[in-house]
Every structure is written in structure tokens, then in C-alpha cells.
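Protein chains in written order, with the numbering used here: chain X, -17 to 382; chain G, -17 to 382; chain Y, -17 to 382; chain W, -17 to 382.
Keep in mind that a hint or two might mislead.
The list treats identical chains as interchangeable, and a pair is accepted whether it falls inside one copy or across any two copies.
[To be verified] Pairs of lysine to any residue, SDA-like flavour, derived with a Cα cap of 25 Å:
#1 Lys307 x Asp151
#2 Lys236 x Gly336
#3 Lys236 x Asn335
#4 Lys248 x Phe57
#5 Lys194 x Glu10
#6 Lys194 x Phe57
#7 Lys59 x Trp254
#8 Lys236 x Gln342
#9 Lys194 x Leu168
#10 Lys285 x Thr71
#11 Lys248 x His80
#12 Lys248 x Glu74
#13 Lys236 x His366
These are computed hints drawn from the structure, not numbers from a lab.
Number of protein chains: 4
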Amino acid sequence: MEAVSTESRTHTHPLLMRFLHIRKRSVELCSALKTEDFVCQPVAWVSPPKWHLAHTTWFFEAFILTRFLPDYQLFHKDYNFLFNSYYETIGERVQRNHRGMLFRPPLEDIFAYRRYVEEHMAHLLKENADPLVSELVELGLQHEQQHQELLITDTKYIFTQNPLLPVWDAKATLETLRQAAALQWLSVEEGVYEIGYEGTGFCFDNEWGRHKQYLRNFSIMNRPVTNGEYLEFLEAGGYQNFRYWLSEGWEWVKENDIVHPMYWYKIEEQWWSYHLDGLNPLDPALPLMHISYFEADAYARWKGQRLPTEFEWETAARLYPACFKNEVWEWTQSAYLAYPGFRIAEGATGEYNGKFMINQMVLRGGSLATAPGHSRVSYRNFFHPHLQWQFSGVRLVNDA
Amino acid sequence: MEAVSTESRTHTHPLLMRFLHIRKRSVELCSALKTEDFVCQPVAWVSPPKWHLAHTTWFFEAFILTRFLPDYQLFHKDYNFLFNSYYETIGERVQRNHRGMLFRPPLEDIFAYRRYVEEHMAHLLKENADPLVSELVELGLQHEQQHQELLITDTKYIFTQNPLLPVWDAKATLETLRQAAALQWLSVEEGVYEIGYEGTGFCFDNEWGRHKQYLRNFSIMNRPVTNGEYLEFLEAGGYQNFRYWLSEGWEWVKENDIVHPMYWYKIEEQWWSYHLDGLNPLDPALPLMHISYFEADAYARWKGQRLPTEFEWETAARLYPACFKNEVWEWTQSAYLAYPGFRIAEGATGEYNGKFMINQMVLRGGSLATAPGHSRVSYRNFFHPHLQWQFSGVRLVNDA
Amino acid sequence: MEAVSTESRTHTHPLLMRFLHIRKRSVELCSALKTEDFVCQPVAWVSPPKWHLAHTTWFFEAFILTRFLPDYQLFHKDYNFLFNSYYETIGERVQRNHRGMLFRPPLEDIFAYRRYVEEHMAHLLKENADPLVSELVELGLQHEQQHQELLITDTKYIFTQNPLLPVWDAKATLETLRQAAALQWLSVEEGVYEIGYEGTGFCFDNEWGRHKQYLRNFSIMNRPVTNGEYLEFLEAGGYQNFRYWLSEGWEWVKENDIVHPMYWYKIEEQWWSYHLDGLNPLDPALPLMHISYFEADAYARWKGQRLPTEFEWETAARLYPACFKNEVWEWTQSAYLAYPGFRIAEGATGEYNGKFMINQMVLRGGSLATAPGHSRVSYRNFFHPHLQWQFSGVRLVNDA
Amino acid sequence: MEAVSTESRTHTHPLLMRFLHIRKRSVELCSALKTEDFVCQPVAWVSPPKWHLAHTTWFFEAFILTRFLPDYQLFHKDYNFLFNSYYETIGERVQRNHRGMLFRPPLEDIFAYRRYVEEHMAHLLKENADPLVSELVELGLQHEQQHQELLITDTKYIFTQNPLLPVWDAKATLETLRQAAALQWLSVEEGVYEIGYEGTGFCFDNEWGRHKQYLRNFSIMNRPVTNGEYLEFLEAGGYQNFRYWLSEGWEWVKENDIVHPMYWYKIEEQWWSYHLDGLNPLDPALPLMHISYFEADAYARWKGQRLPTEFEWETAARLYPACFKNEVWEWTQSAYLAYPGFRIAEGATGEYNGKFMINQMVLRGGSLATAPGHSRVSYRNFFHPHLQWQFSGVRLVNDA
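The shape of chain X in the complex, shown without the other chains:
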């Protein structure tokens, strides 16, 4: 949807090319959606596609254009209020659970907003070589990639809240899940290991603070748990027996009548699962997805095993890279907390990670919905332990 003329002038500017390439993918992901599909917000923790498209654009306007492009005119005076997510530094904003009332501005205005910001970003990038700009652009692109995954995750949820259970043919743009390999256990030896980002490329602030962790002997699965393996837990009465569950997990199971992973349906004694291409018979050989931490933990206890810490996960992934393919996010038994020496940056970008370091558990790896090139071995994802709507699975560990 970007103007051809803009693209043609960008050959020689790698960051601008990267910028336009990533931005284009956001729009392409939505190509199969109808206008009405962009609007609804069934629950507070899910945002409508329209909002993702606007919010990622607002990021570039609020943090870069208004600051670094002289005489920049806002696309619309109210958009800062409408499309700020949680940056208190930037001012007032629409409450998170009211995003489903943003039927206006209409979708066509959001696309115009995207183009307007992209054109001005192109001007800026071609004329401004300030390394701070490049750094913020890179942050904005990482941010947009994260929202690309959220857009997929949220739209999947939104579609299952409609009684017609519509099919969303976005499959073409996603990675394909593979049938699981035979189970093997990978050994890691006791010792002090280095944890955290090492290198000169981009990483988030929560990966900084490379530090030592003392690990004991353990072995870890060579791939995530499959649907078929988890089905054994379910059929053994796993959801009916408090013994396997954390206390808050058991309350969650009972209050919400949870009896299977999200998007599983039992129809006439047959298990089905909903994916972007609609409802299909559950494939036992595919990786298990859409489980909460509570379910991951209960499954591990039932197996007599446990989840890895994020330090064990990262160490194993460095030692056995071929066994970590990022098909599903993998819950770890580490709470999302600061690494030694972690400091929150000044200003609004400092609100990116640190303020969420409570009540969330770390997931490692990546998923079929993660943007290409967005993963790292030191990458730390995090969600509350009761949430299932992410592409989240699990891989188990045995103490030696």
C-alpha cells in the first residue's frame, strides 16, 4: 500500500528499506480481513487489528517524528490520545478496555495515517543520520514486529468469539508447524553459565546485564510437548485432580470451567482444534499450543518432571541450537524479574519492559506467529500465568 515512488528511492538506505519492509508486512497480514473484522474487542487483554495498525504507527510519530523532523505536523490532533497504549510519560490515553469503541476513525483513515507517517519517516531517515534516531527506529520496528504477533494472536481469539467461527486465511504468511521428532533428552552439566544478551545488535533492556548463574545437572526434551502427549494427561483426569495444580491454578480451573487448552473443541467424542484455517481434527504429532502456565506446570507434575528455569532453557538452547526451532513459546518456571544491574531507561522508552516485572512468568523461544528474524536465544517473553491465548507450549526437564 506504500507509494511506489517512496519505495523506489530507498534502495541505498538499508534502515529505510528494513523499515518499509516490516511496515508492509503488518498490512499484508490483514489482507484477508473484512472492514468489520478490524473493530471488536471481546476482552480487555485483546486489542482489535485496527488498533494494532494505528498504535505501531503512533509509536513512530510520538517518539521520532515529533521530536526529530522539523515542522512535522501531526496527522490528527486526537491520535495521540487514541493510540497510546500504556506510556504514562506521553499523557492521557483511551483506556485499554475501551479499544473496542474505536469504530471511528474509520479503517481508511488508519491506512492513510500509516502512509502519512511512512512518507515522513522516509524524509527523516534520508536526511537525519543521528544514531539516536536509528536506535529509536530499530526499537519501533521491533515493537511493530511484536504487535504483528499480537495482531495474529488477538485476531485468532476474536474470530473464535464470533458464533460463526470464521476462517482467517492468513496461513500463507505464517510459519508451518512440523510433526514432532522422536523424544530425546539433552544433558547439561553442573556449573556456572553466562546468561543474557551478548553481541552488538539489537536487544531489549530486559536481556541486558549478562551475568553468571550456577546450574545443577539436568536434561531437557529435544522438542516441545505434543498434543498427543498432553491428551494423555487430559484423559487421565488431569483437569479433575487438584493434586497436579498450583492452588491458584486449581481455582482458575474451577472458576472458569477449564477442561482443555484454548481452541480445543470436543464434538461428538472427537477432538478438534481451531487454527487460522478453521476447525480441524486435532493432530497428536503437532506441538501443543495455547496452554496457560498453570496447565504447563500441572502437566509437568503429572509427568513427575518439571519446567526449566529460563537460565536452564537459555543454556540448553545455546548448547543444542538445532533442537530449539521456535514453533511455540515455551513457559519456564522463572518469574519475570530484573537481571542484575538492570536499570530502567529515562523517558518513555524506559516504560517498555521494567514496569511489568511482577506476577508474570517468562516464556522463551518464539512461535509460528513471531515475525521472521525477531527471535534470539536471550529473548525474554512474559505473560500472566492464567493466559492461554498466546501461542504458548512447554518443554520439560528432568533432574539428573
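We have chain X already, so just place chains G, Y and W on it with the hints.
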């Protein structure tokens, strides 16, 4: 949007002409809406425009076509589930507070549904002279007119929940409010009066059971209360003094921080009101609208007067027809209850009125949003006493 | 518990004798309770016994002693805050749903408070002949009698919320329910009837405004519905069929899983009911108690009959006094609204009735828990239609 | 309250002496309470004193007497249902938020229950030398000591929910807070440290799994933060500035209107704090108490410092024992998670700790309300981050 061919063949069939005329108005009312405007449901008691368009169509399909048109094929097997409102007789339905998740079927399908049902209704009406069919068609049209008013009422509410406070230029299709006449008091003498529908035309079952009521002397205003008159109550601290309020009304005021009628805004010491054409300075000479029963009752107590019973209202309206112009619905101090001899009809149409006879107060008259020709002096509207979003005002009474 | 000396000096003062007699009954009603039983409040609409004992005492202190007894010293400066119920005129008060936190003042202080106020009332009454004082004392005694019934009603509810389902042997002080007489229908002829209090004794303000009502022919049961009659409705699937229910009643049934009157228990295929003397097999010949308006209305619809209006009830009770024995309160299909000419009195006592005239239905008669001598044919009791905890039943009507 | 005869026979049995000594303290703690004070439960996470007294007794009955004392007769068949807390293994129980409805059994029965169980425990201990019994008795006593602290904590909360703000003179039985020493910073050097319980005495299962942690250089305060130090944060607008708060902490502040630690009151420009001896002017030199993790974390951020991890805390406490006096529990920035090799024990006692390992943060040390002899340097307490009602404070750390 109806096919021209259908219309051209209907000259000689008055009920079909009436059918198509009323159906057409529903679509015309929406002509200024964008596709995204049809979808959202901010609260459970408001329905999206798309739902009104589909539900009124479903009424003809469920109660007439499937029953009287041989070999009728449903437009879509799931629409009965999607667009039933509250008819338990007809089966399961989407919960009222989930209507905001009906982004699918897309709007274009709803318009196709309307045309499909209209074409089949045209066939039926031209070939079936069963008086029961005519009766049900008339009920369906009255029902559609009621939803036309709800569509206007709901869309006004929906638009004020969007941070941009958009303008909806539907004004052309509505009655215009008039500046209030000078206040006079109309006298009614003590005696036994007949109440309820009298005639051979259509009326709802709740108007049946014409019966006698003994009234005492009273006088009633020659027009509803104006914005300016109510503003005096507000400025005298009416919303801060429990003395004027019913106990539940005072709780409602405090819990919801109510300090003015719905759609009033105070901006820099000036009062504005939102109407379909946007935000305008409050006109003190226009009829007061969008007040709850609690506010109507508190205002009356502050004035040392009272609301009319629905029997007083109906009697005065028969005696002084020129003074009852149906610009706003007028709260009465009558609870919505059965008239003597009221019986609920067998079958689904019996669910129309009787089952709502609890916890609601009667409003009489009509409003600028009421469909042309839909009002009657015996017409009984009813809502819960805390609701403001209707075009509801009040007219006071003095005991002699 | 009153001092004997106080009583001995009161022979010759009828109002004081009446005062002490009624006050004594409040304490006697509690004689079988343990200290811990006086404290708990399981839901907001139920008050602990301790609160009833204190609040009825506060009424005399706040409305009479502080106003008419020179140099009266408050028993405790905080009790006005603690034991005011809903009189906004009198100032701030403990929120209704926090009455269960009044473990302090201890019970012994409440009894001391009662004695203190009674002694000062005795002084006042022996020296002050102001008719306004007599009028307020009478209002205070009527108020105390109402709270005696509420104390019984609330304690019954409180006891069933304890897992041990304790027995409260207060039966000695209550009327005994009688086995029902054979069913007969009492006829009333069409005409204009006078409604409301007539006489020179005490009545509440909501009974004032004696006025004419035009009634049509009807016949009414000679006694309330029995447990056995209602059991037929239950066993015919009455709680599973929406057809019999008001829309809000059906929601209430489903949301609260209501499948029988309050205090009915089904244990091993046998029906039991809890009363003050504990759990007993359900007696089909006793009057049905503890049903909501929704249940009364659904039962009537199932029987093809209806509830009386309060005007029909009052007229029948005047014509056939022997058939109205006040064993259970009887729901009518009249909303609780003002009679013609009703005016709210100035000051705090004006808050007694008028401000509750919304969303409640009228019950007529009285119950086994009503204080002796407290009933009148014009007496109007009122509760919200979903409440079951009152001693509430129903009597049906047939149109002629 | 224990029978003298029982005590006199126990001289020579150290565990029995310890048992009776600890049991006696529970009753002594309640000596200043009135009967009504034992009953109320203002919120679900607070239990009434009566419940603590019964539940600690039930522990010995359910886990020891019914299993090891031949022919033991339950004191009451329903008490297992009434006084089980959360042990799913043991069966159904009163829901946690219904403990405030246990006005029956009366208090006298609870004391009889305590004596009955103590007498039977005395028989058992004198005749049964099974080491498993001794182990379970020790667990039961540790459990009772934990509930002694909870009883104090809960009663303090309960008393502040009563409008009279009563004084509870339990001070005699508690440790006294000391004025803070001058601030110094204690240094700890980088290296691998051993963490977890070491020894042969009692410890909880969550302290097992002694293991190595790699720590970096840091320094830690020689005492907890004082009221006066925290007041500077408050007066600098700490509760009004999002910058210092975790995102969930900021929501907590705004939703609950938190503007100071629990039990602080501002009366006419002066700060007061409520303690067991009533309301007193806030003493700036005493340790800060009753703050949530969110407040501890915000304060640290405002100071430009941070909370210790539990590993840092334990290491510092081993190195500088004189500086860790256990006056207040100290929040750490460690989530409550399993140590390496942690295994949940079989059976009900396995429910003691492991199932709470989610969404809670670790506190270390002890408080003035902790039972004498109950603390250990490896002791891990844990609560949800928003809770203030514990005797919880904080001690800060600087990175070197």
C-alpha cells in the same frame, strides 16, 4: 436498496406497499453510517445498528415465512440463533451482551438478507390472503418501527462512547423539536374515565382491556418541561440534595456520579448538549430529553408537584389533543402492569409485552425519533427507572 | 431486662405501659440467642440482631429524647453514626453492608443502651404531654414492632447460613401456623370501592389518602396457597419452563439456580423445610412461605389465574374478615406507589415510606412473625420482587 | 486454660512440654478479646480469631490423632468440614470467604475442643515414640506458631474495620519495636554462596535444597527503612507519580486510592498510626510496617536503589547477624519459587508450601508478631504483592 422490480409490482397491494415503505425507512435511516459504525455494542442494553437491521428481518422470517410460505428456504441456517432477541419459544440465541461480537456476518450479508426476505414476503403477500398473515405482518411492521426508534436511540448512545464524538447526519429523517409554548395548566375534573385502546386498528396487547379508572381533580402542563426549567433545578443543587430523590434514585446518582441529563456537557462554564448533528449550546426553550425516571421524579418533588399517572396522562391527552405533540416520551408515575383482563397470547408473539411487567415505569406519548404514524393516545412505552438513553422527558401535574 | 422499679411506676400511664411492653418483647425474642449469634451479617439486606436492638433504641433517642427531654445526654457520642439506618436528614451513618463489622460495642453495651433510653423515655413520658411526643412515640413503637418482625426474619436467614443449621427456639413467642381450610372462592362484585385507612388510630403515611378504586367482578381464595399446592407446580417442572415467568424472574431463576422456595431442602428424595425449630418434613397442609414475587406470579400463571391487586385484596379482606388471618404476607400485583394526595412529611420521619416507592411490590396482611396488634386491613408492606426471605406467600384470584 | 493435671504429668516429656507451652500461648494471645471479637471476617484473606484457634487444633486431630491414637473419637463430626483450611486431600471444607459465618459453634465449644485435643495428644505423646509422630507434632507446632502471627495480624485488621477503632491490649505478649540505629551500609563481595537450610533441626520444605547462587558485589542497609524515611517519599508525591511504580502497582494505587501505608491516618495535618495499643502519633524513628511489595519497590526506585534478592538477603544476614533483628518482615525482589531439587511431599502435608509458588513475593526475617523461636535465617515467608496487612517493611540495597 430494494430491487426496483419488486416495488413496481406492488401498486395494488396496500399491505405490501406499507411493508416495503416501512422496510425502506430502516435502511434509509442508516444511509449516513460507515461500515464500522454498525458493529459496536458499548453496553448490554444497547444493540448495534446491524443487529437491528437483521433482527427486524428475522422477525418476518421466523414468524411468517417459515410458517406460511411453502418450501421457504432459510437465508442462512445460523441466523435464527444470531438474530433472535428474547423469544424463548423460538429457541437458543446469542446472549444480549454479545451482540457486539457479530462482526460477521458482514454488513453486505445483512442487506442481502433484508432483500431476500422482502422478496419472499412480496410473494407471500400477493398469494396468501389469510388474515392471520396480515395480522402478523402488521405486528412485524409495528415491531420494525419500534426498532427504528431504538436504532436511532442506540446509535446516538454509541456515537457518544467514541472519543471523537462523531456527528451522525440522520437529522433529515427525524422530526424537528420546537421551541416550547408559554406554560399553561390544563384542568381535568374528578370522575370515572375509560382507559385503554378503543377502535378497530392495530394496538399492542398491553393496551387491551379498556376499563374504568376513578380520577380526582388535577391540572397538567400544556407541554413538557424545557431544558431551561430543568436547569434551574440543577443550578439549585438538585443533584446534591437527597431530599428530592427516591432512595434508589439517590444511590444511582451517587454510584454513577450523575450530575446532569445524559448528553449534556459542561465546557468552560457553558452547557452543551449532544444531538445527532453534534454538540450544540444547550437551548433552554427546547424540551428536556434523556432523563431517567429518578430525575423526572426528583424534579417534580423539587417543584412541589408530581408526575401524572398514565391514566391521568391518557385522559388529558384525549381532552386536549393539541397539547400533546409527542416530541419526547413522558415518564408517568405508573408502574408497567397488566390492565384488567390482560391475558398473554399463546406462542412466541405472546412474549411481546406481558413478560416485562415488573420493575419498569410507563412512558406515554412519543418522540422525535418515533416512526411516523406509530403513536397512539393509548400507547404504553416502558423502561427501567434508571435509564436515560431514551428520548425521555416529563410533564408535571398539580393536584387541584 | 428492664429495671423493675421503672415498670412499677408506670401503672397509670397507658402509653408508657405500652412502650415498656413492646420494648420488652424485643429483648424476649432474643432470649434463646448466644452472644455470637447477634453479630453476623451474611448479606447486605439482612441485619444482625444486635443492630436491630440498637437501631430501634436509637430511633427514640434521635427523634424524641434529644429534642424533647431537656438536658438529655447521649448514651454514646458515636451511636448516632453506628445505628442510624437510612435517615439522610440525621447525617452520616455506617453503610448498610458494614453492619456485620459492629462486633463492638459489645452486646452488654447495647442492653445498657436500651435500659438507659427506656429510663429517660419514662421520665419524659411522665412529664411531657405534648401530643407531638405521643405521636412520635407511637411511630417509634410501630417502628420497633416492624423491626421485631425483621429480627425474626433476619435471624432465620442468618441461622441457615451457618453450616451447622442451628435450631433457634423462639417458637414460643410466635403465632402458630394452622393447617389450611378447604379451598373456597370468595366473590366480589364490580363497583367503586374506598381504599386506604379510615379511622382515628395510628396508620403509616402510605395508607393515607383514602380514595375510590373502580373494581371489576372477581373471586379470591379463602386462604393462601399451601405447600402442597405449590409442590404440584414444582413437580410439574415449573422452575424449568420459561413460559410461566416474567423475563426478569426467569433470569433470576437461572442466575441463582432457584429450584424451590427459600428454606426448602431435598434430602434423599424427601422434601424438608427449615423453620425456627429446625429442619422438619415439609407439611403440605401449611401455608406456603418464603417465595419471591416472581415465584408467586409464575405459580399464578401456571394455574391460569392471577394475583390480586392490592385494591382487590383490601376490598375482599374488608368483606370477608374471617378468611384473612395474617399467617403469611401475601404478594399482590400492585407496585408500591403513592396513593392520590400522598405528601412526604417534613423532616426525618418523612423518610419513612415515600422514598421507597419504586421497584417494589405490595404485600398485604401479616405473618406469624408480625407483632401482635400490628396488622391492619389497609397496611401496605413492600419488598423487591426477587426477595424470598420474608414470610411471604400468595393467594390467587379468578376473573369472573 | 489447660487442665492442671495434664500439665503436672508432663515434666519429663520435652516435646509434650513444648506442645503445651506453644498451645497455651495461642489462648493467652486472645485473653483481652471479648466474645464478639472472635467472629467477624471483613475480607476473604483475613480469618476470625475463633477460626485460628479451631483450625490449629484441627491440624493435630486430622493429621495425628485420627491416624495414630487407637480408638480416637472425633470431638465433633462436622469440625473437619468447618476447620480445614485448604487441604484438598482431607476433603470438603467451608469456603475461605465464609469463615465469618461461623458464629456457631460458640466460642466455649472451641475452647473445649482445644482442651479435648490437648488431652488426647498428651496420651499419645506419652505412649507413642514413632518418630513420624514427633515429626508431625513439630510441623503442627510450627503451623500453630504461624497462625499465632496471623491471629495477631488479622485481629489488628479486624479492629480497624470497626468504626470505634477499639484498642486491643495484646501488647504485653509481643516484642517491642526499637528506635532505628543510624544508617550504615553492609558490604557483600561477589562470589558463589550457599543458600537454604543447613542443620538438623526443623525447617519447612521450601527451605530444603541447599544450593549455590552466584552473587555480585552489593551493599545493604544495616536496618529496615523507618517511618520517617518513607514519609519523605510520601511527601515528595510518591503516590502521585507513576514513574516509581510497577504497572500493576500503579493500577492498585489508583483503583484503591492508596495514599499511605496501611493503618496510617492523617488527622488535622498530623500523621497517626494505629497499633494494637490504639492510635498514636507516627514515630519517625520506628521501622516502617504494613506496606505492600508495590510500595516497597516504588520507594526503592524513588531512592535510586533496589530491593535485595532473597539470596542476597540470606547471605547478608549470615554475615551480619547483629543487623537482622526481625522486627518487620522484609520484602525481597525474589518471586516465591522452588529451590533446585524441590519435591512436594506425598499426602496432605505436601500441600503445605509448594502449591503456593506463583504470583507471590518472598519476605525474609520475622516481625514483632512472630512467635518466639520461630525465625530462621533461611525462613521464606511469601505474600501477594498488593497486600499490606502483614507486618511488612523493607531494607534497601545498592549495587557496588
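A quick look at each hint next to the structure:
Taking identical chains as interchangeable, the C-alpha atoms of Lys307 and Asp151 lie at most 25 Å apart only when both belong to the same chain, with a minimum of 24 Å there against 55 Å between chains. Taking the shortest alpha-carbon separations for Lys236 and Gly336, only the inter-copy value of 19 Å comes in at or below 25 Å, while the best intra-copy value is 32 Å. Only between protomers do Lys236 and Asn335 lie at most 25 Å apart by alpha-carbon distance; the minimum there is 21 Å, versus 32 Å within a single protomer. When the C-alpha separation of Lys248 and Phe57 is checked against a cutoff of 25 Å, the pair qualifies neither within a copy, at 48 Å, nor between copies, at 28 Å.
Within a single copy, Lys194 and Glu10 get their C-alpha atoms no closer than 42 Å, and across copies no closer than 50 Å, so neither meets the 25 Å cut-off. Taking the shortest Cα distances, Lys194 and Phe57 never come within 25 Å of each other, neither inside one copy (48 Å) nor across copies (56 Å). Taking the shortest Cα distances, Lys59 and Trp254 sit within 25 Å of each other only across copies (22 Å), while inside one copy they are farther apart (47 Å). Within a single copy, Lys236 and Gln342 get their C-alpha atoms as close as 21 Å, and across copies as close as 21 Å, so both meet the 25 Å cut-off.
In this homomeric assembly, Lys194 and Leu168 come within 25 Å of each other (Cα to Cα) both inside a single copy, at 21 Å, and across copies, at 23 Å. Proximity of Lys285 and Thr71 under a CA criterion of 25 Å is satisfied inter-copy only: 20 Å between copies versus 46 Å inside one chain copy. Taking CA atoms no more than 25 Å apart as the test, Lys248 paired with His80 passes between copies only; the shortest distance there is 23 Å, against 33 Å inside one copy. For the identical chains of this complex, Lys248 and Glu74 are inter-copy neighbours only, at 20 Å across copies versus 44 Å inside a copy, given an alpha-carbon limit of 25 Å.
Proximity of Lys236 to His366 under the C-alpha cut-off of 25 Å is found in both arrangements, the shortest distances being 18 Å within a copy and 21 Å between copies.
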